[in-house]
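There are 2 protein chains.
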Amino acid sequence: MKCDIEIAQQATMKPIAEIMEDFPITKEDWEPYGHYKAKLSDQLLEKLNDRKSGKIVLVTSINPTPAGEGKSTVTVGLGQAMNKLNKKTVIALREPSLGPSMGIKGGAAGGGYSQVLPMEDINLHFTGDIHAITAANNALSAFIDNHIFQGNALHIDPRKVGWKRVVDLNDRALREVIVGLGGPKKGVPREDGFMITVASEIMAILCLAKDMDDLKKRLSRIVFGYTYNDQPLTVKDLGMEGALTLLLKEAIKPNVVQTIEHTPAIIHGGPFANIAHGCNSVIATKLAAKLGDYVITEAGFGADLGAEKFLDIKTRAGEFEPDAVVLVATIRALKMHGGVAKEALETENLDALQAGMSNLQKHMETIEAYGLPYVIAINRFPTDTEAEIALIEKWCQQQGATVALTEVFAKGGEGGIQLAEEVVSTIETQEKHFKHMYDLQDSMEDKIAAIATNVYGAERVEYSAKAKEQMRQFAANGWDKLPICMAKTQYSLSDNPTLLGRPENFTITIREFSPSIGAGFIVALTGDVMTMPGLPKQPAALKMDVDENGNAVGLF
Amino acid sequence: MKCDIEIAQQATMKPIAEIMEDFPITKEDWEPYGHYKAKLSDQLLEKLNDRKSGKIVLVTSINPTPAGEGKSTVTVGLGQAMNKLNKKTVIALREPSLGPSMGIKGGAAGGGYSQVLPMEDINLHFTGDIHAITAANNALSAFIDNHIFQGNALHIDPRKVGWKRVVDLNDRALREVIVGLGGPKKGVPREDGFMITVASEIMAILCLAKDMDDLKKRLSRIVFGYTYNDQPLTVKDLGMEGALTLLLKEAIKPNVVQTIEHTPAIIHGGPFANIAHGCNSVIATKLAAKLGDYVITEAGFGADLGAEKFLDIKTRAGEFEPDAVVLVATIRALKMHGGVAKEALETENLDALQAGMSNLQKHMETIEAYGLPYVIAINRFPTDTEAEIALIEKWCQQQGATVALTEVFAKGGEGGIQLAEEVVSTIETQEKHFKHMYDLQDSMEDKIAAIATNVYGAERVEYSAKAKEQMRQFAANGWDKLPICMAKTQYSLSDNPTLLGRPENFTITIREFSPSIGAGFIVALTGDVMTMPGLPKQPAALKMDVDENGNAVGLF
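Those sequence lines, one after another, are chains A and B.
Under our numbering, the first residue of the first sequence is numbered 1035, with each subsequent residue one higher.
Under our numbering, the first residue of the second sequence is numbered 1035, with each subsequent residue one higher.
If you're looking for bench data, these hints aren't it; they were derived computationally from the structure.
A few of these clues could be false.
Where chains are identical, the list cannot tell them apart; a pair therefore holds if satisfied intra-copy or between any two copies.
Heads up, simulated DSSO-like pairs for lysine-lysine below, C-alpha to C-alpha not over 30 Å straight-line [unchecked claim]:
| hint | residue 1 | residue 2 |
| --- | --- | --- |
| 1 | 1220 | 1251 |
| 2 | 1036 | 1376 |
| 3 | 1376 | 1220 |
| 4 | 1194 | 1515 |
| 5 | 1500 | 1219 |
Using the sequences and the hints given, assemble the complete structure.
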């Protein structure tokens, strides 16, 4: 089979103006960015306020494994399949970060015949949103250091500046740095560090803001550090919320592209799924619902992280409810959860598959606990055997769960027809009784306990001494009524990445908290979270190039 | 009078598609970026190869003073005036950097009724070119540190990595940093520093490249550091030239916008005018000449820096010749060169004006030495008196020089008619005998002596011990046949910023050299050059905001 970029470059895109013609909007509501990308007005959502919203389908997955699940590919393929059924559907996805593209081969815009196009642009600079976030994030850093340098009227303690600089690259050497060296004319030395841009709180803010005004309010609430007396300091104290909003005034506009089968896709925002909430923007999802009768959208990592945050953080910020969930799994990944090593995945192994179903089952129970109807999507691989498929189908039948096989990578929308039919039927026939996993008025401990127990299946939660002290401080600062954003390994339901399947009787340990007051959540860190990836010895970028026609080469 | 952003926002732009209709190109040759910006294809120049090129007019100035000269404003106004005379004219300008916009109030896209629009976009992220350069520059840094971390097969000496990271911000605290801290998993500690993006060699490369292929060749030649044995190491040694080219494949496409009077303007690239050559891209200027019968373009700082580099570096890289020069001065600035303090500029002072003419005279002699016809443009201010204007006109008459008064700030193109008429007449009636100031085969000392003596009027050149040693090394590396890029204060013809007017009998001291082998020049540093500006105590950004309609507020 051809590789992703070959399929992408051989596809024929429609001019983006043609894609726009199918939307209930006028020429004033969007701007072209080249012939195949567009930005929608940031005021369009308000303009379409009275229009009925379409049904929102969240695509999530089992805990990811090195075997791959293809959640983005299923999201794109399902959107394409829905349109084949004449269900007017808009896809809503996250924007990929440049850093990982340069490091480890692997697309972030679907795959095979279920991709969004133009994939080179989407995986490189796209419409500049992430660069704008980098600029805004680092402008705040520059203003913090300048404030300290110019007399420090706010009494910023240079040792307590939590706000880090960012680059949208994998750059290990920037994880821990000392800035401000060189003597009195070059600043005040302090320890600092860089994150990858998608880990910036500004990315989370952009993705949770309802509109430009909400964006500015959230930016103004960012706590960037503390005074010598431990009083929190905000962007508003620095007077920078206007400038930061100005730097983001184009980035807040959602981007429209198309899939390989011309299904419209809104790609907007891409926060980390550990220290942030891992979902495309509220504006993108809500706008997709105004522009289509169905929205297919996804959240990062597995259902324990991405779906939980979609359902407890994003839906609250956006004041909306999803209508159904698609839970993606692959037989390969389920076998890994059942104890098979990656090298042995090609071999049929019914026992391991049966054992690995426990991981899927936990996520099914979680979605049921949220009161949402769901469909299981088994993303087929050529190595899957008939007996393995039969086992899954029988198991789902026994559970009373709906399952559909998909082959959207190889066949595009055609390979997702069964899934699309089940999704439509599920929404039409099953009632939803959506409820959040916790109440915002609950204490921080109670919220965390609800997630750990009901979503992860943990027995108990323990807190480090530091975390306990922080909970006292955060309550004193009035931050304890915010939702919790769990930073936990994506590979396991527990906080130990080696415990696959469905671990039991385990403890979740909260090491530390980090306040994202602008975004509007408290990050609970269960282990070391890497906010700046490193490059491998042979980075993917070494194979990248531009051919004589100006086309990208070697990009996946 | 209204401020720049008010004038800009009250102006009515034509859709960029209408501006494009006047060019001899097809729909395939350009892409829209919003309704008022476009990118031209990187292959358009080759496609128009057989088309006759228009006349190229370089706008330069006397040594800048705090009084202001308005070189960009005259460039824009002259372009507008030419079109009023029905001379089909295209303007070619540099892209402004975001950093200074956030720091000190002051537009970089003309002013008053001689501006390019949309000024908010141009002064913020524009079409993302500078962000792409930031990404490429920092990707190279990340790959250098990753190479060292992963075993250092190239034997990169971490103490001799000359390649710095960049941000497009004024951020004093990043001038000198230590990266790679945190132990063996986080890299190898070394001293590093950040420059503002426009100081990146990649910016200079983008501006000197003839096409995508030349861009890749120049990127591959970048010398980023040295081995432990002092052997130069290039991007090609790292194998990164393809990836860097890919990151720049959109940035190399020139941007088209319009002036307030709908004159087309190509805005592309903006390198520093001290450690780089300070001109918009070769592609922009040459393409402007294919699209118009006249090109009005500018170069950074005064004629001693910007024009010299335009004439000795840019024209060589682009293999073209200019047809005439406009030398901009203001009476205010000439009076400062004649010894008047900024506070006393409102008062008529004929003696000071007469004395200050010496600065203008030196630059006239320089342009004559290059064999180019020129027109002096006096950019009028309301405080200029009739007697002062009469003095200048008489003086120019005595010198046999053509002079025109302009009022393009207040009156737009209408205020530049006299200048436009003189420019057209000068090109039509005066012969040019263009020659470079030095031969590439000259030694480094001879090239520098030619610039210092003939362009600056220096008596002699002295070299530090380090510079002498570097000249030996550079010759051994085969770098001594490249043009010289002088890094000197812009405020004086000498290397002492306080010596205004026309200093005599002075020495130029070359402190150090810096090789920009990818760009294709050797930087000769005469003093401390600031490649990372700092923010003032009350940065301009504190007044910036977005209004309820999504429009920029407080941006100049």
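Please flag the earlier hints that this structure goes against, numbers listed from lowest up. 1
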